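Heads up: the sequence lines are chains U and C, in that order. If you count by my numbering, then the first sequence holds residues 8 to 87, one letter each, in order. If you count by my numbering, then the second sequence holds residues 13 to 275, one letter each, in order.
Calculated from the structure, these hints are not laboratory results. Possibly wrong hints are sitting among the right ones.
[As the list claims (entries may be wrong)] Below 30 Å or equal to it, Euclidean Cα-Cα: the simulated DSSO-like pairs (lysine-lysine) are:
#1 K165(C) to K21(U)
#2 K41(U) to K79(U)
#3 K41(C) to K107(C)
#4 K252(C) to K21(U)
#5 K21(U) to K261(C)
#6 K18(U) to K252(C)
#7 K272(C) to K18(U)
#8 K10(U) to K261(C)
#9 K67(C) to K10(U)
#10 K13(U) to K237(C)
#11 K83(C) to K12(U)
#12 K41(C) to K18(U)
#13 K12(U) to K41(C)
#14 K106(C) to K13(U)
#15 K41(C) to K67(C)
#16 K41(U) to K165(C)
#17 K10(U) to K41(C)
#18 K67(C) to K13(U)
#19 K114(C) to K10(U)
#20 K165(C) to K28(U)
#21 K10(U) to K252(C)
#22 K266(C) to K18(U)
#23 K13(U) to K268(C)
#24 K13(U) to K230(C)
#25 K230(C) to K12(U)
#26 K114(C) to K13(U)
#27 K230(C) to K165(C)
#28 K272(C) to K10(U)
#29 K41(C) to K13(U)
#30 K12(U) to K114(C)
#31 K18(U) to K67(C)
For clarity, every value in this text was computed on a predicted model and none was experimentally measured.
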Amino acid sequence: MSKQKKELAVKRLKRVLTVDKVSPSSVRLGEVLKSDLVLLFNNYMDVDNLQLDINFDQNGVCYVTVNVISNKLKNFSAIL
Amino acid sequence: MARKIVICSGKGGVGKTAVCANLGMSLAKMGLRTVLIDTDIGLNNLDVAMGIENKIVYDIIDVIENRCRVKQALIPDAMYDNLCTLASHGQAAKKITGANIKYIVNCLAESFDYILLDCPAGIEVGFHRAVAASDEAIIVTTPHISSIRDADKVVSILNNYMIGSMSLIINRVRGDLILNYEMLDIDNIIELLGIMPLGVVPESDDISAYTSMGARLKSGSEAQKAFDILAHNLHYGTQKMYDCTSKFKGVLGKIKRNLKRMG
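Model the full structure from these sequences, guided by the hints.
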């Protein structure tokens, strides 16, 4: 076996270990967070084309990317 | 007060019991009072590895079910006065809990320097029982992807326990395969698992042969040297590593590698 094949084995192991750490529970948690955040934005503004991505890395760190265009901020008296 | 260490792996067949037995013997050889506890109830093998299967009068189940005291169930080693084994057997009348094991471990803690718990394979009830009674963990793995993957899962589970420290033993390492790029090397495994290495044990015909005979490793053998280094690292906190590749380096080493490949 060449050095390349050993490197391939290491890469494969890394991939397996990474996939194992992204558990279904983190995906579910991401969905719950997403719906809460959408609700939160809607409370303060009329939003259009809300793009919200939530990802967890292998260490459990959460990355939130929000891309939103606000048409109109709501009056404070109208905030729920 | 004894150090209470669980020896676990996740995957079966990686050599937990052999590591537990031989590490215990090396610690005893250093003069440390050591007790080995078989918590693999139902699939117990520590007694066979220690060559004491015919000496068992009482075992861990008898202690839990109040048929004897803890010290009555300890089986002294034939070679080292300061080494004892608490064996287990197939069946228990009632459910055994982590608290049962913890009670036994605490009873022994005053009288010994080291308590090594041989943990069952898997991450089921038996695993949690053994871990709950321990303060430290040694994770045994082999340089194979399936074993490393399971070790990684065990590390994640152990992070949820109040485990003081975790260390890694890489068992069944073949220096010839590492030099031929046919086996993951030690540094890769340590880096990926991210836990402190305690040491390396080479693949050795001696270990399986002597374990099946219930005999001791030959003094001065490569495997014996590796276990002595492990015991030294464990007790003194050093990080010396047995070099499995050294005898396969150079011109003579290359010949040995080729001969080994040819069988």
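Do the hints match the structure? See the list:
no. : hint               : result
1   : K165(C) to K21(U)  : holds (13 Å)
2   : K41(U) to K79(U)   : holds (21 Å)
3   : K41(C) to K107(C)  : violated (36 Å)
4   : K252(C) to K21(U)  : holds (26 Å)
5   : K21(U) to K261(C)  : holds (28 Å)
6   : K18(U) to K252(C)  : holds (28 Å)
7   : K272(C) to K18(U)  : holds (27 Å)
8   : K10(U) to K261(C)  : holds (17 Å)
9   : K67(C) to K10(U)   : violated (50 Å)
10  : K13(U) to K237(C)  : holds (28 Å)
11  : K83(C) to K12(U)   : violated (53 Å)
12  : K41(C) to K18(U)   : violated (41 Å)
13  : K12(U) to K41(C)   : violated (42 Å)
14  : K106(C) to K13(U)  : violated (49 Å)
15  : K41(C) to K67(C)   : holds (22 Å)
16  : K41(U) to K165(C)  : holds (28 Å)
17  : K10(U) to K41(C)   : violated (41 Å)
18  : K67(C) to K13(U)   : violated (47 Å)
19  : K114(C) to K10(U)  : violated (47 Å)
20  : K165(C) to K28(U)  : holds (9 Å)
21  : K10(U) to K252(C)  : holds (26 Å)
22  : K266(C) to K18(U)  : holds (27 Å)
23  : K13(U) to K268(C)  : holds (21 Å)
24  : K13(U) to K230(C)  : violated (34 Å)
25  : K230(C) to K12(U)  : violated (36 Å)
26  : K114(C) to K13(U)  : violated (43 Å)
27  : K230(C) to K165(C) : violated (35 Å)
28  : K272(C) to K10(U)  : holds (20 Å)
29  : K41(C) to K13(U)   : violated (38 Å)
30  : K12(U) to K114(C)  : violated (46 Å)
31  : K18(U) to K67(C)   : violated (49 Å)
Checked against the numbered hints above, the structure violates hints 3, 9, 11, 12, 13, 14, 17, 18, 19, 24, 25, 26, 27, 29, 30 and 31; every other hint is satisfied.
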